[in-house]
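Undergrad: Sequence:
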Amino acid sequence: MEVRIIKGANQIGGCITEITSSKGTKIIIDYGDNLDDKEQIIIPGLTKNDDLKPSYDGVIITHSHKDHIGCASLVKKDIPIYVNKEGMEIHNNLCYFTREYKKVLREKDNTIKYFEFEKSFFIKDIKITTFIADHSSYNSAMLLIEADDEKILHTGDYRNHGKKGCLFNKILNEIGKVDLLITEGTTIGSSKRNFKKEKDLTEDFQELNKYDQIYVMCSSTNIDRIVNLYKNFSKTHLFVMDMCMNSTASLLKKIPNSNTFSNVYTFVSPNQKKIDEPYGRYIKHTKKVIYELPFNEKFVVSIKQSMGDYLKDHKENIKNACLIYSMWDGYIRDDWPDSKLREFKNYLVNELHMNYFPIHTSGHASLEAIKTLDKLVNPSKVIIIHTEKSDEEAKIEKELFKDRLLEFTDGDIINLKGE
-4 MEVRIIKGAN
6 QIGGCITEIT
16 SSKGTKIIID
26 YGDNLDDKEQ
36 IIIPGLTKND
46 DLKPSYDGVI
56 ITHSHKDHIG
66 CASLVKKDIP
76 IYVNKEGMEI
86 HNNLCYFTRE
96 YKKVLREKDN
106 TIKYFEFEKS
116 FFIKDIKITT
126 FIADHSSYNS
136 AMLLIEADDE
146 KILHTGDYRN
156 HGKKGCLFNK
166 ILNEIGKVDL
176 LITEGTTIGS
186 SKRNFKKEKD
196 LTEDFQELNK
206 YDQIYVMCSS
216 TNIDRIVNLY
226 KNFSKTHLFV
236 MDMCMNSTAS
246 LLKKIPNSNT
256 FSNVYTFVSP
266 NQKKIDEPYG
276 RYIKHTKKVI
286 YELPFNEKFV
296 VSIKQSMGDY
306 LKDHKENIKN
316 ACLIYSMWDG
326 YIRDDWPDSK
336 LREFKNYLVN
346 ELHMNYFPIH
356 TSGHASLEAI
366 KTLDKLVNPS
376 KVIIIHTEKS
386 DEEAKIEKEL
396 FKDRLLEFTD
406 GDIINLKGE
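Position one of the sequence shown corresponds to residue -4 (our numbering), numbered consecutively onward.
For the record, the hints were derived by calculation from the structure and aren't laboratory data.
With beta-carbon atoms standing in for the labels, derived distance ranges:
no.: 1; residue 1: Glu34; residue 2: Asp144; range: 34 to 42 Å
no.: 2; residue 1: Lys370; residue 2: Lys307; range: 49 to 57 Å
no.: 3; residue 1: Tyr109; residue 2: His348; range: 45 to 53 Å
no.: 4; residue 1: Asp120; residue 2: Lys72; range: 19 to 27 Å
no.: 5; residue 1: Lys310; residue 2: Asn373; range: 54 to 62 Å
no.: 6; residue 1: Lys172; residue 2: Trp331; range: 34 to 42 Å
no.: 7; residue 1: Glu338; residue 2: Lys33; range: 21 to 29 Å
no.: 8; residue 1: Asn373; residue 2: Ser185; range: 21 to 29 Å
As a list, the in silico EDC-like pairs of lysine to aspartate or glutamate whose alpha-carbon atoms are at most 16 Å apart:
no.: 9; residue 1: Lys18; residue 2: Glu145
no.: 10; residue 1: Lys226; residue 2: Glu198
no.: 11; residue 1: Lys230; residue 2: Asp207
no.: 12; residue 1: Lys249; residue 2: Asp219
no.: 13; residue 1: Lys412; residue 2: Asp174
no.: 14; residue 1: Lys293; residue 2: Asp207
no.: 15; residue 1: Lys307; residue 2: Glu346
no.: 16; residue 1: Lys72; residue 2: Asp45
no.: 17; residue 1: Lys103; residue 2: Glu84
no.: 18; residue 1: Lys192; residue 2: Glu363
no.: 19; residue 1: Lys122; residue 2: Glu111
no.: 20; residue 1: Lys119; residue 2: Asp52
no.: 21; residue 1: Lys307; residue 2: Glu338
no.: 22; residue 1: Lys119; residue 2: Asp143
no.: 23; residue 1: Lys159; residue 2: Asp219
no.: 24; residue 1: Lys268; residue 2: Asp304
no.: 25; residue 1: Lys335; residue 2: Asp324
no.: 26; residue 1: Lys97; residue 2: Asp28
Note that this is a predicted model, so its numbers are computed, not measured. Quick reminder that beta carbons are idealized off the backbone N, C-alpha and C, glycines included.
Starting from the given sequences, assemble the full structure and let the hints guide the process.
TA: Written out as structure tokens, the structure reads:
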């Protein structure tokens, strides 16, 4: 097989991998947005609106984060897109709330095929087996690609310290030795990154039960975190979700949401209620919607920047309150190009006097997880993508994989047989 990293040699997010068999079957793994908001790459023979015939036999999406799925709707109609059904529904739901309607994946616009975990399917002569990956996106996948008597493992984004981390070693032992490992290296040089186990965040949450009002900034797609918060606070506080988070949780079985859980409510601020889309649509199908926070009771609520005016208007009602920031800290650092989230967080802490608690764990693999991966699949060759390739990262990668590490730049073609 031949591998071409179209994007991903020196950037996080927006990574695109092309794999071609000796019989000419050509597939793409992930087609997502660039996190730096630069215009996404147009791929001849893949992307709509060029005059070329389709030159790819399939696109496989590893998970629902926008830097992996965000451009999938640009794929030509005749090229099938293989995706996890629940992951696609979560992606589509978020597109509606962010009004990025053009990025919604629909069968009338694209050829959609759903894969199931630990089951194989073929794209012509290429065999693909999907395995569940522990990540901060629901139903993320690792991909075992087989053709020409060769095996490639594409990890997608993964970790081993989340809720599904217990499956990590079992799955890798099942996969066994591979000829080529294509692994993410997002945090390979981040010695200061938080790699706490998801279950260990429980102790941090429990210490905050003394607060009457608990405001949470958390991704609506981080299902493990939503469940963790619910288990920790629902017995002592009313559990209130913002509309986007609730609609995402409602898509999945047994996940806390106001439609099926008796002690969960959905908060829609007055200014959101006035917006026809998407709030009007979801309010009609959502139970236990409230338009005022229960300031006279103990509650925990997920919040978005769109609630800023409401909280400002109720400043006098915010008492004995804390803010849990449960996302990547990069979004609120001074060097992040979009300052809105940072300004919102600072307003809550400095003006509304919420005590601040950053409680989070990375959605990506620690260096120890990468070492475990290497040991269990014992790859003959290694490619590291989804990394900024700093000097420190490059040094660590070389020390770990030595002469098995393949050096490449975007667009380089790598032949597994070295020909």
